[in-house]
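Construct the complete structure from the given sequences, taking the supplied hints into account.
Next come the chains, spelled out residue by residue.
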Amino acid sequence: MQSGYILLATIAVPLFAAVALLFVPSRHKDAIRAFSVAVGFALFGLSLYAFFAYQLSQVEQYQFDMRWMWIENVGILGENGITLHLGIDGIGAAMLLLTGIVTFAGTLISAKIDYRNKDYFILLFLLVAGVFGVFASLDLFFWFFFYELAVLPMYLLIAVWGSSSVFSTFARTKEYSAMKLTMVLVGASVLIFIGIFAVFVEAGLGTFDLPTLYEVEFDENFQKIIFPLFMLGCGVLAGLWPFHTWSPDGHVAAPTAVSMLHAGVLMKLGAFGIIRLGMQLLPEGAEFWMPVLIILGTINVLYGAISAMAQTDFKYMVGYSSVSHMGYVLMGLATMNAVGVNGAVLQMFSHGVMTALMFAMVGSLYDQAHTRELAAFGGLVKRMPHFVAFFSIAGLASLGLPGFSGFVAEFNIFLGVFRTYPALGALGILGAAITAVYILRMMARAFFGPENDKWESLQDLSRVEYAGGAVLIAFIILMGVYPSPFVDRIADSVLRIPGIG
Amino acid sequence: MTVAQVIFYVVAALAVAGGLGVVLAKHAVYAALFLIVALIAVAGVYILLASEFLALVQILIYAGAVTVLLLFALMLTRTSDLPEAMTGAQWPVAGLVAALLGGAIIATVTTSDWPGDEDGMITRVPFDDLGSALFQQWAVPFEIASLVLFVALVGAIVLAREDEPEEEGE
Amino acid sequence: MEPVAQQIPLEHFLALSAILFSLGVYGVLTRRNAVLILMSVELMLNAASINMVAFAAYASPEKFTGMIFAVFIITIAAAEVGLALAIILRIFRNLGTANVDEVDELKW
Amino acid sequence: MNMTDAWLLPLLPAAAFVALTLLGPWLPRKGDWLAVGAIATVFVMVLLIAADFTDALAAHGEEFAGAANSTQWLEVPGQLELRLGVHVDATTIVMLTVVSFVALMVQVYSLGYMKGDSRYGWYYAVISLFVASMLALVLADNFLLLYFAWELVGVCSYLLIGHYNHLRSAAEAAKKAFITTRLGDVGLLIAIILLWRATGTFNIQEVIAAAEAGEVGREVLTASVVLLFLGAMGKSAQFPFHVWLPDAMEGPTPVSALIHAATMVVAGVYLVTRTLPLFQLVHGGPELILAVGLLTTFMSATMGLVMTDIKKVIAYSTINSLGLMFVALGVGAPAAAMLYLFTHAFFKALLFLGAGSVIHATERQDVSSLGGLWSKMPITCVTFAVGALSMAGLPILAGFWAKDEILVALLDNKAAFALAMATVPLTAMYMARVLILTFFGDPKEPESHEHAHEGSPFIFVPLVLLAVLTVFAGFVAFDQVGELMGFPGGIGEIIFLGHPHAFHFDWNVAIGSSALVLAGLAAGWFAWAARPSVPGVCLSMLRPVHALFANKYYLDDIYQAAIDRVVLSIARLVAWFDRNAVNDTGIDGGGYTAKFAGYLMKFQQTGKMPNYALGMVIGVVALTLVAFTLKG
Amino acid sequence: MSSELNLDYSLLTPEFCLAGLAALILALDLFVDDFRKSWLPYVAAAGLAAVLALSLGWVNKESDFAGLLSVDNYTTFFRVFFMATAAVVALVSAQFVQDKLRHPGEYYALLVLSTIGAIYMAASRELLTAYISLELLSFCLFVLVSYAKHERRSNEGGLKYMLLGAFASAILLYGISMIYGTSGSTFYADIAAAYAGDTSAFDLALLLGLVMVLAGLGFKVAAVPFHMWTPDAYEGAPLPITAYLSATSKVAGFALLLRLFSGAFMPVLDDWQWIVAALAAMTMVLGNLVALQQHNIKRLLAYSSIGQVGYMLMAIAALSAATSSALLLHMTGYVITNLAAFTCIIAWYNLTGRDEISGFRGMAERTPLLAAALTAALFSLSGMPLFAGFFTKFMLFQAVADEGFLWLTVIAVVMSFVSLYYYLLVIREIYVSKPEEGEERLPVPALISGLTVALTIGVFYVGIFPRHLLDVAEEATKLLFA
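Residue numbers (my numbering), protein chains in the order written: chain A, 5 to 505; chain B, 14 to 183; chain C, 165 to 272; chain D, -7 to 624; chain E, 132 to 613.
FYI, nobody ran anything at the bench for these hints, they're computed from the structure.
These numbers come from a predicted model, not from an experiment.
A hint or two may mislead.
Computed footprint of chain C on chain B; a stretch qualifies when at least three of its residues, placed anywhere within it, have a C-beta under 8 Å from a C-beta of chain C [claimed, not checked]:
1) 22 to 31
2) 54 to 65
3) 71 to 77
4) 150 to 158
Quick partial rundown of chain E residues pointing at chain D, CB under 10 Å, derived from the structure [to be verified]:
5) 189
6) 287
7) 294
8) 342
9) 343
10) 346
11) 362
12) 363
13) 402
14) 419
15) 424
16) 595
17) 596
Subject to a maximum C-alpha distance of 27 Å in a straight line, what follows is the list of computed DSSO-like cross-link-like pairs (lysine-lysine) [stated by the list, open to error]:
18) 565(E) - 587(D)
19) 107(D) - 368(D)
20) 33(A) - 565(E)
21) 368(D) - 436(D)
22) 609(E) - 192(E)
23) 228(A) - 116(A)
24) 458(A) - 386(A)
25) 565(E) - 116(A)
26) 231(E) - 271(C)
27) 271(C) - 107(D)
28) 116(A) - 458(A)
29) 33(A) - 386(A)
30) 107(D) - 386(A)
Just so you know, even glycine gets a beta-carbon here, dropped at the ideal spot from N, CA and C.
Put into structure tokens, the structure is as follows:
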């Protein structure tokens, strides 16, 4: 049995880093940078350790299991109180690793931030703490606590450090996007909040402890009523259509590292929530509602891909591709079979790394060119070969090319979907083809072809960007070529979800 | 009809008339005078209810001091000369809700079966009982009331006082 | 004095108070002069006092809590008038009116 | 070298790719030797494996199905096991030989051709990756690895077509190639998954066995086969997916030789060959292949006739050949298809490399600006002529034997036979045309003609080797040749997929087709060499037809319009809908509603104190009345 | 009769001391001129702190004065609560009063005296005492709201507050008279005993009384539709008094409501529960929605506090031991947060003279500490984790849902979400919008900085380690349902 302090550390380290930064005078920008990158690296190390120390085929479903009594024996809660119960299963382990990777890459990329970088990193670490907390929590209260904590700093991160987009017929200011993102996500969490209350009251055990609640067999009608709350509430964070519009706008407006973390990790919180709260807690409700989810997921895939095709802005294209790819996750989850759900979790990981890479690259370009208009570029490969290489890898991974992580994930999802809904599976595969269309259009237009003299001053990736991107690519390829470490952990846990056949 | 009944209905009529005067009079000063009528009538009601002490207080403090204060205020604010400005535009609604409220209360109080109504023997409360209760059992409210009066005093002074010009400069 | 219980039912006192109370409410709602509103409030307070005393007399005469209550109501009412007049005077000095309809800068 | 060690084959070039990618800039000569060395080793290993296979074939006889070796890649316990594995049988051996040999030739050729290219190292890296993927593709014992490799060769093709990435046209062509083939791949992937769903396995042999045992439902099988064929059509540039292949000529010419002539484009043929039993189980399956093949053959021949770009002519001839292979498959003659594939690889690579030599020398590739090069570049001229005549189907050259084998197989189907025969003179004619316009007659641009010269040995040695093979490769169809060369089972048996004595030679067909070839060549000579005014006259007579051919049957325009007008319009419509309906109306609308409710509600706060009091009283009255009502 | 009564005046020591403190302040103001402007707030705060310490002597003791009021853990809780609040308000008032107001002596004296009223509202177990304490608090607030007597807005706010307050207290009195008439007593325990049996004989009168009492107290706590004075009084009042209104006045109202309804009206729960629930729902919805339309920070916080009242009223509607301790917890968290917010707002107002929301532009550049603290407070008010608001709301909603009021909780959660929007608008001004004039740092007095930090730590403390406060709240409410 491994020590739960590892998990606690993943939450506590960023929190303490945030507190520690409070006491650093904001003029020591380089020190703040160095410290933050070090913290990012430490988190990466911790998550790597947790991932590999996770033991396969154990009897316990949750490892690193540990509890700290937070509030005990209070009237409202009875003698159970609220416990900070941490633990991960294979899904959690994969997500933890994802968070570690993207956080590290994100802090590296963030080293470019110069404007009030102390405040920036404080907020960033709060966000990261929240994300780690969600993935590691086995208590409904803390799950929700960290869930909200992860959303909270977004407003400021986007509104202060973000960027606005102006198009010919309309504009999306960063304030607008930040507000929309925050409001939609918090609005969705309202549903989760209500669902948590309902579950707590219905169970009548006076506890929020998830493994305990998993033992409860809720009334079927109750499950059918409550499951949609979790499905929608968490689904919105996963970019569920038609509540997805916060995602492209928000991700576009956000500063680079925040887009990376948000699209890369936070959207996964939603999908993770559907598993943890929806499928594990209310299996019958899940079974009842999954046909709806899979249809919505399919719409997500196609709608996101088609919308991405029409975008004229680099980052919007990436943003809509996130919507599309998260659709695969939803589809996979909705299959309710081991292969599909396994694929969904793989896709969560894969999309996380891949989209983080894409946003990192777009950010790098935008920082120099101050525009993200696709039509404005051309022949970038000459000035920025590494940039193009990295971006292309992300692009090819996202269109499901074998050898990259996206293929492994999507392939599993397709297998799962075909088992249950072949027609939707075919549409999903069509979505992958559409992805190819817009990715390749973008590459042909912006990266290749004659060079545009306007961009003579562009520099290739800086060293930190190179390092951050390389870490991400390493995992994209690792998972694409040798997926077993991931699949073994994930499948082991997926098979334990009730109702998964 | 007994004497008490006659007195009651006369007093009640006076009180209602005074009340009507307060809310309907065209001149503020008349309203104040009507208020005095009403207050004295209420004092009469208190006597009927065997509370001479209260009646006394009512006449001394209320009908005397308070109304004089109100009259002073009216004079100081010099607004009694515009009859058309006396009644606000919302009087129809106000009349309706007031009537509804009054009707509801009357309906309630007349249909309720009040506990202790049957054996209700009105006994005069001796002054000394009242006094000792006031200073023993009800000492706390009494003391708080003194603070209330103190606050009112301080507040009135602070607010009403014209400040010396040199303080403005600070 | 004769006990009036047999002669006048409690309900009559209560009805009187109800009428005074609603008159007071009407006054508060319709009067535009702050001082007159205050007078209407006095009517309402008197109505409450009548209730108190009547209940005390009829229901639980040995405790006479209602009468004590009425004493306090009168006290408070007096203090209230004093304080309110100070405020009204202040507003009259600053704004030149005691008409509550004209004091409506703060809204929405 | 054992057959079961075949999994090593793709790993060598793959390792070369990794080494070149990561260390390329620091290696001497940018690591080209690594790539060439790897492929040379692979070629040797392939020969060893072929020897091992022929031994086994001889030992086991006809029922020998090959050897397999696989390893687990991914497992969801009890639900799914994905294995990657190799399988060696006769088809594989043919393909391996072709791929490794042509790749070796092309890599050697590239040493000369690509010299001085700004992305020389990257070129070799991608070529290596391509070879690795292609080897994996042909070795795959299961659909998963096949698809894996299938996509990877597509990417390599994409990267190599777009090699001259400063050219807008190259970038567009690369994109077009990838997307077009990808559309077919959608079908392939769906087909694979459908078959998996029905049989529970990805292993090709097992799937076929299960299908033959009737485990797969009729509808599913039909759908799978059609979708599978879509994939093959995309990769093998069959009508209507063929449009990408001519454009793919934007890539460096060696790439065209390797990928777009000899290896990748025949992957579709290879796939259909491997899964032919499935097609035969489906009513109308073979006919579908036949129809597509014939159509493609005929259309590409007509288009090849009017193209002016030397590489494009060869590209259309490739499509032509690919169509012919499908025709063979469609009539159930995989052996004939394989023979054609085998020989085609040599002469088509030869043609491209020859064209490359010309382009390298003159920096021109439009036949209308070339001419009279035979004197400057005799080796190229001769080898190119050998290739062209082989393509045309002149007797004793490799192409002749293969084409005749197919025509013989067609004998039972008169209409198909007639159509196939009709394309024979057309093919001969445009091959004559390109040969004549390039090498004979007067130079049209004397300046570039002046500078033209034979290339380095790296360039002409492969040409010669391929030309020799083009002359002799057809003879492997005869068992005696194989035995002579020391293969106990005979090369023919391998080529004919382990079926001995499968070669059918029909004198009537041979003479007939040869006559047609000669007629075509003569017509070509007449039109472009003897009477150069003839084409112009024909042109003026057949202007609409010429326009139709020259504009590639307007397919590109139709596709372009479909993408620009329809797809992009839909995309813009969806984006507009997303912004205005979903976001601005739906999501923001929620916010505005709340705000508007607040706006309405704030007016209760009138600022007038009597209104406030009224509100309070109304509250009291309302609550009282409701309470009374509830109480009864 | 009198011999049976417990007339232990020592129970009232803290309040006597407070009265003495008020007198001392007035005396200092009058006689010691040097002290006048600068030292009074510190004297007041120190005195309050001292009395607060003194009142801790009654922890875990239970005693009553003639049945009128109890000195028990509930009372002690609110003693500490109100005195601490008053002390903080006194401290944040220091500079404001010096700059903008006259008569500081009376100001602080009234502040201290109002505390007595608030405490006795919580302590009383009898309607007359409760009523008169309420009036004491109200009178002090009437004066304090009008304290900026040369400012039109202050006058207006004071006038409206005063007149409506008198009106509401008349309604309350009428309601009390009904309660008295039906139960024959003004003591909570006797009322409960009287209502424990059959009430059908006087049901309507009882209902009328309940509605009117709710109206009167609803006015005090600003429940819709009795809330209308709130925005105007908040906006008109001097800033520290706005803070005080949102804290003590409101909490005292709830302290009274809680003791009254749990002590006296529990037997007729069914009669009033839905009324309170309806009020709570209306209050939450109206407060939060109208807040969306505000431009002035005081007015915004007024509407937001109306919204908060809605949440708190839920606890009364779903009255139980669990909800009442959750209510105490929530009120504590709310007041700490609100004081933190107002401290920053007051300091900013002192520095720049701006109280429009748009006036907070560039706060992050010019006073980073205040900006961060204000942001934390606003996030806390909207119920975001790490801050007090999240946990206290969670517990409150949880307890209410557990009592079967899930629908009410749903409204509350939704409205709490709506509230985030307007808080974010403020945060946007603070952090995102560029300052209009000057970017240089503004000097924040050390006292204010310290206070801000302390209150912000409090906000985090309640949010992260709520255990102790929860225990205290539970101890304080235990006896209500004994």
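Going through the hints against the structure:
Here's how the region 22 to 31 of chain B fares: 3 of its residues keep a CB closer than 8 Å to some CB of chain C, so the rule of at least three is met and the hint holds. Counting residues of the region 54 to 65 of chain B whose CB lies closer than 8 Å to any CB of chain C gives 8, which reaches the minimum of 3, so the coverage claim holds. Coverage of a stretch by a chain is defined here by at least three residues with a beta carbon nearer than 8 Å to that chain's beta carbons; for the region 71 to 77 of chain B and chain C the count is 3, and the condition holds. Counting residues of the region 150 to 158 of chain B whose beta carbon lies closer than 8 Å to any beta carbon of chain C gives 3, which reaches the threshold of three, so the coverage claim holds.
Violation of the interface hint for residue 189(E) is found here, the shortest Cβ-Cβ separation to chain D being roughly 37 Å, above the 10 Å cut-off. Using the Cβ-Cβ criterion of 10 Å, the hint placing residue 287(E) at the interface with chain D is satisfied: the shortest such distance is roughly 8 Å. Annotation: residue 294(E) was flagged as interfacial toward chain D, and the flag holds, the nearest CB pair being 6 Å apart, inside 10 Å. Hint on residue 342(E) holds. Least Cβ distance to chain D is approximately 5 Å, under the 10 Å limit.
Nearest Cβ of chain D to the Cβ of residue 343(E): about 6 Å, under the 10 Å cut. The hint holds. Hint status for residue 346(E) relative to chain D: holds, with the closest Cβ pair at about 5 Å, below 10 Å. At about 6 Å, the closest approach between the beta carbon of residue 362(E) and any beta carbon in chain D falls short of 10 Å, and the interface hint on this residue holds. A hinted interface residue such as residue 363(E) counts as satisfied when its beta carbon comes closer than 10 Å to some beta carbon of chain D; here the least separation is about 7 Å, so the hint holds.
About 7 Å separates the beta-carbon of residue 402(E) from the nearest beta-carbon of chain D, less than 10 Å, and the hint is met. A distance limit of 10 Å between C-beta atoms decides the matter here; for residue 419(E) the minimum to chain D is near 8 Å, and the interface restraint holds. A distance limit of 10 Å between C-beta atoms decides the matter here; for residue 424(E) the minimum to chain D is near 5 Å, and the interface restraint holds. With 10 Å as the threshold, the beta carbon of residue 595(E) stays out of range of chain D, its nearest partner Cβ sitting at about 31 Å, so the hint is violated.
The criterion of a C-beta within 10 Å of any C-beta in chain D is not met by residue 596(E), whose closest approach is roughly 35 Å, and the hint is violated. With a C-alpha separation of about 25 Å, the suggested pairing of residue 565(E) with residue 587(D) holds against the 27 Å cut-off. Between residue 107(D) and residue 368(D) the CA atoms are separated by roughly 21 Å; this keeps the pair inside 27 Å, and the hint holds. For the suggested pair residue 33(A) and residue 565(E), the alpha carbons sit about 21 Å apart, so the restraint of at most 27 Å is met.
Our distance criterion of 27 Å between C-alpha atoms is met by residue 368(D) and residue 436(D), whose separation comes to about 14 Å. Distance check on the hinted pair: residue 609(E) and residue 192(E) sit about 13 Å apart at the alpha-carbon level, within 27 Å; holds. Pair hint residue 228(A) plus residue 116(A) does not hold up; C-alpha atoms about 48 Å apart against a cutoff of 27 Å. A hinted pair counts as satisfied when its Cα atoms are at most 27 Å apart, and residue 458(A) with residue 386(A) qualifies at roughly 13 Å.
Our distance criterion of 27 Å between C-alpha atoms is met by residue 565(E) and residue 116(A), whose separation comes to about 22 Å. Pair hint residue 231(E) plus residue 271(C) holds up; C-alpha atoms about 23 Å apart against a cutoff of 27 Å. A C-alpha spacing of about 83 Å is found between residue 271(C) and residue 107(D), which places the hinted pair above 27 Å, so the restraint is violated. Distance check on the hinted pair: residue 116(A) and residue 458(A) sit about 23 Å apart at the alpha-carbon level, within 27 Å; holds.
The suggested pairing of residue 33(A) with residue 386(A) is violated, with an alpha-carbon distance near 33 Å, which exceeds 27 Å. Between residue 107(D) and residue 386(A) the CA atoms are separated by roughly 19 Å; this keeps the pair inside 27 Å, and the hint holds.
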